[in-house]
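Asker: All residue numbers for the sequence shown refer to UniProt numbering, where the first residue is 1 and numbers rise by one.
For the record, the hints were derived by calculation from the structure and aren't laboratory data. Glycine included, each C-beta is placed from N, C-alpha and C at the ideal position. All the pointers check out, no bait thrown in.
PhoX-like cross-link-like pairs, simulated, lysine-lysine; straight-line CA separation at most 25 Å:
hint, residue 1, residue 2
1, Lys66, Lys79
2, Lys112, Lys122
3, Lys5, Lys138
4, Lys79, Lys111
5, Lys138, Lys122
Across the chosen pairs, the derived CB separations fall in these ranges:
hint, residue 1, residue 2, range
6, Met1, His46, 32 to 42 Å
7, Ala71, Thr131, 35 to 45 Å
8, Val94, Val3, 42 to 52 Å
9, Glu115, Arg48, 13 to 23 Å
10, Glu30, Arg92, 37 to 47 Å
11, Ser52, Glu128, 34 to 44 Å
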Amino acid sequence: MDVGKWQSILERYEAASFTVNKRFGAQIREQIQDVLTNDQYLTLTHIRRVASCTTTELAEIFCVNKSAITAIVTRLAEKGYIDRIRDQRDRRIVYLTLTEEGQSVFEWADKKVFEVVSPYLKVFSEQEIETFLTLFEKLAAILNDE
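Construct the complete structure from the given sequences, taking the supplied hints into account.
Answerer: As structure tokens, then:
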């Protein structure tokens, strides 16, 4: 493919990605902002998915420095949504898990996110959604392997 074609593809990707991320982000924030920030929701989502993780793992996953994650984690702990559990063998390691209240808040927020996203997905066929997700997951895997 020539440079002009690649440039056109990049511009289309940037425009679509910007619009989708900003619009969904704003709509989700509007629904959950009284309880969670979008970053707090994403943090709870990851902890729920893996059951237990460290702040270092979160910083790597979210591609931010550890101090940014520590601020989010501290706020979630203050709200009673996560527990910090020290490793029995190495007291320097602290694992993060959801509390019952954290699980409940996550489920509430996840329902709100579903309510925001699902009307937009209904315009696509099941095959279109599967194709999109397959390609998006492939891109995510490539980025994770770097």
